[in-house]
Amino acid sequence: MFFFIGGIQPKTKIVDEQARLCPVCRQIKVYRKRIDHYLNLFFIPLFPVKKGIPFLICENCHNVVDERGGGMEAGPATHKRRCPRCQRTVDPDFSFCPYCGQSL
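Take the position in the sequence shown, starting the count at 1, then add 6; the result is the number in the numbering used here.
A few of these clues could be false.
Derived lysine-lysine pairs resembling DSS-like cross-links, with alpha carbons at most 30 Å apart [claimed, not checked]: (1) K35 <-> K86; (2) K19 <-> K56; (3) K57 <-> K17; (4) K17 <-> K56.
Restraint ranges, calculated between C-beta atoms of paired labels, are given here [said to hold, decoys possible]: (5) S101 <-> V55: 33 to 43 Å; (6) F102 <-> C31: 28 to 38 Å; (7) I41 <-> D97: 17 to 27 Å; (8) H43 <-> C67: 18 to 28 Å; (9) V30 <-> S109: 26 to 36 Å; (10) F9 <-> P60: 29 to 39 Å; (11) P98 <-> K56: 30 to 40 Å.
The hints are simulated quantities; they were obtained by calculation from the structure and are not laboratory data. Just so it is clear, the structure is predicted and the values come from calculations on it, not from any experiment. We treat Cβ as the ideally placed atom computed from N, Cα and C, and that holds for glycine.
Whole structure, please, built from the sequences with the hints as guidance.
Laid out in structure tokens, this is it:
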């Protein structure tokens, strides 16, 4: 009997080693990274299947930064609001807070 253990797994690669200043936490820990997908055989990456698009991310606060050095702003589809009672962030689609039940 033969078992084949394999699949496709993402792997984050640093594209540019030069660190930049983060506009949010003011640390020099912003790196250009890319998420590539590899075909694995028995948990060993064999070859890349898909190359990702490069992006800038801070190693300290994990914020994604745009090319000009500013923080990326969330669009209207990802805008979250806060519950008036528990102050937790809630998706705009909810009518009631999933944490405390307060009507939104």
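Cross-check of the supplied hints:
Under the criterion of a C-alpha separation no larger than 30 Å, the hint pairing K35 with K86 is consistent with the structure, at around 27 Å. Distance hint between K19 and K56 is fulfilled; the C-alpha atoms sit about 13 Å from each other, no more than 30 Å. A C-alpha spacing of about 10 Å is found between K57 and K17, which places the hinted pair at or below 30 Å, so the restraint holds. Using a Cα cut-off of 30 Å, the hinted pair K17 and K56 holds, with the two alpha carbons roughly 11 Å apart.
Restraint check, S101 to V55: a C-beta distance of roughly 42 Å satisfies the suggested window 33 to 43 Å. Between F102 and C31 the Cβ separation comes to about 34 Å, which falls inside the hinted range of 28 to 38 Å. Distance hint check for I41 and D97: the Cβ-Cβ separation is about 25 Å, which falls inside the suggested range of 17 to 27 Å. For the pair H43 and C67, the supplied restraint of 18 to 28 Å holds, since their beta-carbon distance comes to about 26 Å.
Range check, V30 to S109: Cβ separation about 33 Å, and the 26 to 36 Å hint holds. A C-beta distance of roughly 37 Å is found between F9 and P60, which places it inside the suggested range of 29 to 39 Å. P98 and K56 have their C-beta atoms about 32 Å apart, which keeps the hinted 30 to 40 Å range intact.
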